[in-house]
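*Asks:* So the sequence lines, in the order shown, correspond to chains A and B.
Using our numbering, the first residue of the first sequence is number 1, and each one after it goes up by one.
Using our numbering, the first residue of the second sequence is number 1, and each one after it goes up by one.
Heads up, some of the hints might be wrong.
A pair counts as met if it fits within one copy or between any two copies, since identical chains are not told apart.
Stated by the list, open to error - Below 25 angstroms or equal to it, Euclidean Cα-Cα: the simulated DSS-like pairs (lysine-lysine) are:
#1 Lys302 to Lys253
#2 Lys166 to Lys302
#3 Lys341 to Lys37
#4 Lys4 to Lys341
#5 Lys4 to Lys253
#6 Lys302 to Lys4
#7 Lys341 to Lys47
Keep in mind that the hints were calculated from the coordinates and are not lab data.
Remember, it's a predicted structure, so these values are computed and weren't measured experimentally.
Protein chains: 2
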Amino acid sequence: MKSKSVRIVGAGLIGTSIGLALKAAGASVQFLDVDSKAQLLANDLVKSGNFENPDLIIIATPPSAFKSAIEREASLNPQAILMDIGSVKTKPILEVSTIEGLLSRFCGTHPMAGREVSGAVSARADLFLDRAWVITPTEETSGAAQEMAMNVIKACGAQVVQMSAKEHDQRVALISHLPQAVSSLLAAQLSGSNPESLALAGAGLRDTVRIAGSDPKLWGEILAANEEALMPLLISLQSDLSELISATSGPAKWESLVAAGRVGKSAIPGKHGGKSREYSYLPIVIDDRPGQLGSLFNACAKAEVNIEDLALEHSPGQLTAVITLAIAPEDIERLSEFLTKDGWNVHSIN
Amino acid sequence: MKSKSVRIVGAGLIGTSIGLALKAAGASVQFLDVDSKAQLLANDLVKSGNFENPDLIIIATPPSAFKSAIEREASLNPQAILMDIGSVKTKPILEVSTIEGLLSRFCGTHPMAGREVSGAVSARADLFLDRAWVITPTEETSGAAQEMAMNVIKACGAQVVQMSAKEHDQRVALISHLPQAVSSLLAAQLSGSNPESLALAGAGLRDTVRIAGSDPKLWGEILAANEEALMPLLISLQSDLSELISATSGPAKWESLVAAGRVGKSAIPGKHGGKSREYSYLPIVIDDRPGQLGSLFNACAKAEVNIEDLALEHSPGQLTAVITLAIAPEDIERLSEFLTKDGWNVHSIN
Chain A
1 MKSKSVRIVG
11 AGLIGTSIGL
21 ALKAAGASVQ
31 FLDVDSKAQL
41 LANDLVKSGN
51 FENPDLIIIA
61 TPPSAFKSAI
71 EREASLNPQA
81 ILMDIGSVKT
91 KPILEVSTIE
101 GLLSRFCGTH
111 PMAGREVSGA
121 VSARADLFLD
131 RAWVITPTEE
141 TSGAAQEMAM
151 NVIKACGAQV
161 VQMSAKEHDQ
171 RVALISHLPQ
181 AVSSLLAAQL
191 SGSNPESLAL
201 AGAGLRDTVR
211 IAGSDPKLWG
221 EILAANEEAL
231 MPLLISLQSD
241 LSELISATSG
251 PAKWESLVAA
261 GRVGKSAIPG
271 KHGGKSREYS
281 YLPIVIDDRP
291 GQLGSLFNAC
301 AKAEVNIEDL
311 ALEHSPGQLT
321 AVITLAIAPE
331 DIERLSEFLT
341 KDGWNVHSIN
Chain B
1 MKSKSVRIVG
11 AGLIGTSIGL
21 ALKAAGASVQ
31 FLDVDSKAQL
41 LANDLVKSGN
51 FENPDLIIIA
61 TPPSAFKSAI
71 EREASLNPQA
81 ILMDIGSVKT
91 KPILEVSTIE
101 GLLSRFCGTH
111 PMAGREVSGA
121 VSARADLFLD
131 RAWVITPTEE
141 TSGAAQEMAM
151 NVIKACGAQV
161 VQMSAKEHDQ
171 RVALISHLPQ
181 AVSSLLAAQL
191 SGSNPESLAL
201 AGAGLRDTVR
211 IAGSDPKLWG
221 EILAANEEAL
231 MPLLISLQSD
241 LSELISATSG
251 PAKWESLVAA
261 GRVGKSAIPG
271 KHGGKSREYS
281 YLPIVIDDRP
291 GQLGSLFNAC
301 AKAEVNIEDL
311 ALEHSPGQLT
321 AVITLAIAPE
331 DIERLSEFLT
341 KDGWNVHSIN
């Protein structure tokens with residue numbers, strides 16, 4: 001993005017984070033926001049540039065402000081390319097199509113990243129690192145507009161994923177809007193309960209209601225904009241819940257509930273955007289002293305086994321730790337034997 | 001717990017974590033488990049002791065194995081004090097009350113801590129640090145039994161919270177069993193969907209369905225044991241969901257859903273009733289080839305910095321990976337400088 005000038009309309013979490021990343025990639029960046037404090041903070045944060053006639057305008061407003069913002073910017077800057085970052089894609093494209101000649105220089109996009117906190121103050125340049133970033137160009141989108149959007153995405157360290165606006169909206173209904181609705185419904189059940197009860201809450205509850213902390217106005221607009229795709233999912237959930245409630249008492253019904261959830265959860269790929277892969281796991285008990293991890297990994301390298309992932313369980317003051325190595329299934333026996341011969345305390349999970 | 005001998009029946013996550021903490025507090029610890037591999041790993045991990053006639057027996061089995069385990073241990077060890085760690089408290093006390101003379105030397109307890117992963121392999125001595133740990137002594141519980149339970153809790157670094165078994169069961173229905181049921185219901189909706197859709201999933205979905213990874217058999221038993229308290233909560237959720245589905249379309253209904261969730265979420269006290277473990281995090285981009293992790297940990301050992309925890313973000317086919325080291329805050333600058341000089345690609349989070 002070297003030597004490009006970028007105006008970002010909307011100095012919220014996403015807009016400001018993009019600004020930070022583009023600035024780091026060599027672009028000149030400036031912010032506009034109806035909230036003058038947010039505008040000031042964002043411009044300060046990225047050390048904004050003074051320019052007119054930006055090459056690119058990124059609309060990063062809430063959905064309800066999108067149409068008026070893009071209408072104004074498009075007419076003031078007839079040469080500029082425009083993109084958005086909204087969570088729903090069918091509706092903004094429909095709005096853009098009502099503005100004469102705009103479809104060709106507009107590319108709809110949606111970065112699959114966010115935080116439950118909001119505002120420029122929570123912005124981070126690495127918010128999009130290795131995340132998927134959807135682009136939904138239409139047949140009318142020019143090559144230049146699409147290329148500019150892809151350059152922004154690459155400059156943010158994210159991965160371009162292309163699909164139609166409709167496809168996108170159906171997917172996010174399932175992976176983003178349904179979880180938001182469910183988390184909010186669950187959290188709402190906590191209202192009015194004894195604060196002493198809630199003081200016992202552990203990580204399970206806290207994680208499950210984390211996104212219930214989202215901004216009601218913004219998320220009200222997002223969910224409403226994607227109602228058509230979201231409603232069937234809520235109705236399916238309602239049907240499962242009713243079935244659960246009316247099923248015969250006893251462990252079997254609850255076990256099949258948790259089992260069904262586990263199957264669903266395991267359908268989520270292990271990492272951002274990559275296929276999930278079957279690893280085998282090898283737990284090894286090590287003493288807690290400096291150098292142990294290094295020696296262990298040196299031994300793995302000697303065995304010529306690649307470590308795909310790992311987890312370390314160890315707490316301050318504990319004399320031993322379990323390190324669990326995730327490796328390709330075909331390597332597990334060989335590595336297990338090699339490490340055992342090398343004197344390591346190798347256990348087997350199964 | 002110095003000079004106390006403790007037998008733990010059930011070498012799962014909770015039992016093994018208690019064993020690690022009690023061992024560190026000076027107790028002799030040994031494990032029994034129907035799964036001989038789990039028993040071996042747990043005994044290895046805590047460097048178990050050889051003794052008979054334990055002072056204390058902790059029943060840390062799944063609910064369905066509780067009765068037979070405590071019956072056997074109580075009759076084999078007529079002098080020992082016994083406690084449990086089950087997630088539901090009314091039912092085990094009922095079971096204990098059917099065994100002649102056992103109520104006085106039994107104290108029911110429930111540590112408010114857990115993980116979505118299970119087994120001795122995931123155990124950590126600090127699992128209970130600063131967490132609430134409920135005890136539910138009855139009128140028949142002896143002073144000695146209650147004191148022993150409280151000493152275990154203190155040795156694990158947790159905080160004693162006393163209440164009746166019934167009160168406990170109602171509270172956990174709201175803060176633990178309802179979230180489990182909801183997370184499982186949500187995750188079940190993902191089954192059968194296009195894997196490409198799910199590849200876009202971000203932290204929101206992942207957090208919301210994290211506990212849906214729980215063990216179906218264990219959680220089937222837990223939820224069934226607390227059905228009486230859980231069912232009214234599910235029915236209330238069902239009613240809210242039906243209301244949401246039938247409300248008039250448009251942003252207002254979604255905004256009030258998210259707003260209600262936000263109010264409920266804010267009712268949860270900020271911390272787990274105690275200090276949280278403060279680590280600092282250092283992300284390092286490494287090449288994906290054998291030996292890299294070993295060299296990195298060797299460098300950390302050379303810098304004499306202890307790695308408290310770590311996470312590896314890396315997807316198949318990706319040429320680089322981000323490894324994030326969790327270390328004591330006072331070490332972060334020194335390690336960052338050391339590794340940078342050593343040629344590592346160290347990033348800063350802020």
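*Asks:* Of all the hints numbered above, which does this structure not satisfy? Sort the numbers upward.
*Replies:* Numbers 1, 2, 4, 5 and 6 - these are the hints that the structure violates, sorted from lowest upward.
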